[in-house]
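Q: Guided by the hints, dock chains B, C, D, E and F onto chain A, whose structure is given.
6 protein chains.
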Amino acid sequence: MGGVIVTNPPKADAKDVEALAAFGVATVSEAMGRTGLFGPEIRPVQQGVRIAGTAVTVLSWPGDNLMIHAAVEQCGEGDILVVTTTSPCTDGLFGELFATALQKRGVRGVVLNTGIRDTQELRDMGFAGWSRAVSSQGTVKATGGSVNVPVAIDGQVVRPGDVIVADDDGVVVVPREKARETAEKSEAREAKEAATRAAFLEGQLGLDRYGLRDTLKRLGVEYQSYEEYTGAGS
Amino acid sequence: MGGVIVTNPPKADAKDVEALAAFGVATVSEAMGRTGLFGPEIRPVQQGVRIAGTAVTVLSWPGDNLMIHAAVEQCGEGDILVVTTTSPCTDGLFGELFATALQKRGVRGVVLNTGIRDTQELRDMGFAGWSRAVSSQGTVKATGGSVNVPVAIDGQVVRPGDVIVADDDGVVVVPREKARETAEKSEAREAKEAATRAAFLEGQLGLDRYGLRDTLKRLGVEYQSYEEYTGAGS
Amino acid sequence: MGGVIVTNPPKADAKDVEALAAFGVATVSEAMGRTGLFGPEIRPVQQGVRIAGTAVTVLSWPGDNLMIHAAVEQCGEGDILVVTTTSPCTDGLFGELFATALQKRGVRGVVLNTGIRDTQELRDMGFAGWSRAVSSQGTVKATGGSVNVPVAIDGQVVRPGDVIVADDDGVVVVPREKARETAEKSEAREAKEAATRAAFLEGQLGLDRYGLRDTLKRLGVEYQSYEEYTGAGS
Amino acid sequence: MGGVIVTNPPKADAKDVEALAAFGVATVSEAMGRTGLFGPEIRPVQQGVRIAGTAVTVLSWPGDNLMIHAAVEQCGEGDILVVTTTSPCTDGLFGELFATALQKRGVRGVVLNTGIRDTQELRDMGFAGWSRAVSSQGTVKATGGSVNVPVAIDGQVVRPGDVIVADDDGVVVVPREKARETAEKSEAREAKEAATRAAFLEGQLGLDRYGLRDTLKRLGVEYQSYEEYTGAGS
Amino acid sequence: MGGVIVTNPPKADAKDVEALAAFGVATVSEAMGRTGLFGPEIRPVQQGVRIAGTAVTVLSWPGDNLMIHAAVEQCGEGDILVVTTTSPCTDGLFGELFATALQKRGVRGVVLNTGIRDTQELRDMGFAGWSRAVSSQGTVKATGGSVNVPVAIDGQVVRPGDVIVADDDGVVVVPREKARETAEKSEAREAKEAATRAAFLEGQLGLDRYGLRDTLKRLGVEYQSYEEYTGAGS
Amino acid sequence: MGGVIVTNPPKADAKDVEALAAFGVATVSEAMGRTGLFGPEIRPVQQGVRIAGTAVTVLSWPGDNLMIHAAVEQCGEGDILVVTTTSPCTDGLFGELFATALQKRGVRGVVLNTGIRDTQELRDMGFAGWSRAVSSQGTVKATGGSVNVPVAIDGQVVRPGDVIVADDDGVVVVPREKARETAEKSEAREAKEAATRAAFLEGQLGLDRYGLRDTLKRLGVEYQSYEEYTGAGS
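If you read the sequences in order, they're chains A, B, C, D, E and F. First residue of the first sequence? That's 263 in this note's numbering, and the numbers climb one at a time after it. First residue of the second sequence? That's 263 in this note's numbering, and the numbers climb one at a time after it. First residue of the third sequence? That's 263 in this note's numbering, and the numbers climb one at a time after it. First residue of the fourth sequence? That's 263 in this note's numbering, and the numbers climb one at a time after it. First residue of the fifth sequence? That's 263 in this note's numbering, and the numbers climb one at a time after it. First residue of the sixth sequence? That's 263 in this note's numbering, and the numbers climb one at a time after it.
Please keep in mind that the hints were generated in silico from the structure rather than gathered at the bench. Check the hints yourself; a few may be wrong.
The list treats identical chains as one, so a pair stands whether inside a single copy or across any two.
[To be verified] For lysine to aspartate or glutamate, the following DMTMM-like pairs were computed, each having C-alpha atoms within a straight-line distance of at most 20 Å:
| no. | residue 1 | residue 2 |
| --- | --- | --- |
| 1 | 366 | 464 |
| 2 | 403 | 470 |
| 3 | 403 | 335 |
Isolated chain A (complex conformation):
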């Protein structure tokens, strides 16, 4: 089957990655027009951790972690390892030994569209992980795959060097060319949300703040008292 290990992909600018690290996954996704999210089945193995970094991508055969070994050599300071398989798999392709090697290289965490193991050890050593499953199922090193090629996970394409932001809400990918713009828009969105928060705390309603009463009227949504409603037959 071959496969390829790409050795020097372009990466998002480190300053832009740092800028994005200041925002939550929800904010970053909103700043990109509500795009970029991995689905809700990819969950963190720890609580209260947020990371941002540049993607090193891995495409592995199911039940096989050979290409993760190849990927470690391609990983460096500020990277996040992103692993998927050629077909659905929940095996534990990644555990504490890989985390040890990656942590030493300055890697910030791992996102697995498959299984993770040694979760307690990962929490103890402070290496952050997100995965589709927790599984101790061991793997072989028998079949080729690729490193640093574009991969598709849950409707998103991740290219090497793209920015990954991950927190308790999930994982979002920011194309490397849009890192700066997205950081700026995230900041603007946070400012807007702070204003909304303040308004809500003073009792303003979203209905009024966003002009939604007109929307409801246009859509034909009606207000009825309980008596009207039940009298109307339901």
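A: Just chains B, C, D, E and F, lined up with the frame of chain A:
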């Protein structure tokens, strides 16, 4: 499509709600004859929190949180927001801004038959949430729906004003007319369970306490030694 | 339908169980040639707990916990209760009252291929549980089943007296005849992993440690610069 | 637990049921404002069959078909049996013997929020079925439940006497009070669809027929040539 | 990892297999006390076909069909190939070429706890298949496994030489030692069902035939008119 | 949110599409090195139909078919419509009216990473469909999206103008630049498979044809008689 916002539904008596708040979800469901439970896929985003309150119901279009804005205005002290969608959806229809607005109004938490976001922020602010998914996927405000109409979630019907109890085990709904009776039966059940607990701690077996040896005999369940069993050919 | 309660199955040697208790689920499974694991859908209700013990098995009808009552009598010091149902079920067949009875008998925990309830109470009392679902759905005591017969869960067969090890990564079963051998192999594996960990901390790559560069070459995996790769047309 | 068998529920008018039988599930749901549908996991066991009838509802314990026996007595000409369980279940609660009894009574089919068996026999005898699963798993007759009480399936409430329409696309429930109105609206919708079909066959676009070009403009959707789009950086 | 290919397992008597072939999966499972069934997610790729034969079992690595090649040599007249993987997998491990080889050897069909491909070709050549998924995903031949060892699928253990019966309702395994007894009990059950069918066709109710009116009374299930029921408050 | 409708994307050469139409999905995927497949949850609504064509892609909001209307105008002779949503959705975004419009324009079928309806009508009119769900759930036309932009479905990226091949086994995408090469490799593969088929029909084993006996030996897979195997203790 229209839709309707019902403005003054009857609610369970606050005293009965407080009484129910003393019991866990399992006890309340047992007290209602093992009914009223949402399914196991609706999970809390925090640990160790129990709430009870009166339901304000929302029926939204998938990917759309317009009707949650409409519902905020209908929410008040002691309510719990209950949100479902017209077809299956995991998007993050609810997050920290809504929680801010609701918390100010005295709302006790949210139960979503869809996705939730800003989970770390919700835990930080002490606003309790239960949901089918954790997702940052943002939403639009484009399609109508209803507030305070009966909704069906996982085999249960929730009407506005019904009592919701939620804890680490899940979510249960108590019809508003049965709130008092259910609180009383819950108390009786807890007393009975306390007696059982004490008996178990003294070594009594459920087989004896519940008279189950006769049941086993009637059903034809036999005791065999391992030798008999394996000699019997399995 | 009948069913049978087997009263005196052979059990793994207590010393071997203790030896296995020193290792994580991943290590034990690797030591058995990557076998023995329950699937990733059986999850702990607590974090940071590892237990090992001898299985008392239960085969119940869905929605019915009669046979768990029968099993309690068969449980003793060092056992772990393992429950499955004759068809898929997520109901809460096990809760705090059973845990009270079992804890008094020296039982170390429960593994349920169905639902568990009273999760907060179980955490509070320090009784460890793993399950396919968290559910308060109550049960009846109406239909027969078996205790201490072999059961199959997620591709694994568990016989009474086999060793169960469970931690944050999941659950593994060790055939009672292989307990000692598996403990020894687990120890050997841990030693090997310690050496690998040390090597990784000094910067050695898995590619070199495991001789994988040859594997990649044999499989036809090629190294390309980003320029070669993208120039090549992808 | 008790349970109740309700003996003489009101039913939708037979003429309205016949009127509804002329329309597909999609049309009927659209005529009710896109409501009333069971979810996509309830599938037919045959192809090319459409039925309409009045619901006789059953609420059973999982793995138990006692209440279906009780329901047979309540079934008559023009009915459709609708079965759900108190918690999720895929067992084969219904098969050819029940179908024989029901067919003799003039029942038109069965909708199961659980499993069905004897599917080939059902197709051979022309008794139509929709179910969540196909499973031969047999059942007991040990636990009570209810007949002809309202049940909730996939977000829909079905009351006895409501109209069920089922075809290859799934299942829809029409509240008995809305049967006539829905039949009329279905007819109007079919007429409208026939006009649209004719227009589409003449080459008119939905964009023009429904005035959607303005909608696209209002929403900010832009037309770009491929050159503009790729030159813009994607 | 090793693995083993067992070359001459005992098999159920051919006459008993033929006898079992006369009965449907539901009947055979009932005759074994409602046991032996694979779950409802294993479905046929054709309609209206029933087969019975002796199991040749395969335990493969996910994404790898090497051991199926090894198994072909072990297959002969009257066998059914039963394939599972060491962890969940939906890849297409089996297709038309394997079927060609097996059909020539007199094999009657295949049951896959994973994916199948070339479904149209299999139907055209009359080779029967049941599988968890339909998938064209190709495989490698890189990792060892076993042939003719006991495997566990969906709560059932299949040993080489056990009888497999499969039809539109699913798949059941009969331990080879129970083949004759199960065939006899299946015949008895069919006779009993024929009597029941005749009684139902004459209008007898299951309530009366099985004495269930007493059961309902004992369980506290009550009959109410609709007026009583709704007057009672629901 | 905006969104974009790309009007003139490049397309694979019609001759290459025709060439690919001669091969099954499994063959085409194998010819691309076992890549390009949509997952097994996207299933055909008819049996025995194979189509090949050039993709017109749609990215829609869940529960909204506005962008399919926009896409119709971009569709022409030899195209296949490929629809996905910004978050998971099973609603019936596509039915008979769309099929009527597309069939008139020479479109060959539709692949939906969401729901389809009017399945019987589609079969009757000979318009082929593949989808993740069958659902009558109707939609709105309220939120923007895109047409003819790259979309990711089940780990595959589909760009406008790429080739889609779909049959009973599923759906595969061929990048437009690789259409010719893939057709040629598919032909070579079919020739090779024909030779293998002939060899299998003459009784040759895959073990010998592919030299797998050495592989088994290298991997440490051993042959044992049943007596050796069971004597060895398992």
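Q: Are the CA atoms of residue 403 and residue 470 at most 20 Å apart within a copy, between copies, both, or neither?
A: between (59 Å within a copy, 13 Å between copies)
Q: With identical chains, the pair residue 366 and residue 464 could be close in the same copy or across copies; at 20 Å between alpha carbons, which is it: within, between, both, or neither?
A: between (48 Å within a copy, 9 Å between copies)
Q: With identical chains treated as interchangeable, where does the CA-CA distance between residue 403 and residue 335 reach 20 Å or less: within a copy, between copies, both, or neither?
A: For residue 403 and residue 335, the Cα distance is within 20 Å only inside one copy (16 Å; across copies 27 Å).
Violated hints for the displayed structure: none, as all numbered hints are satisfied.
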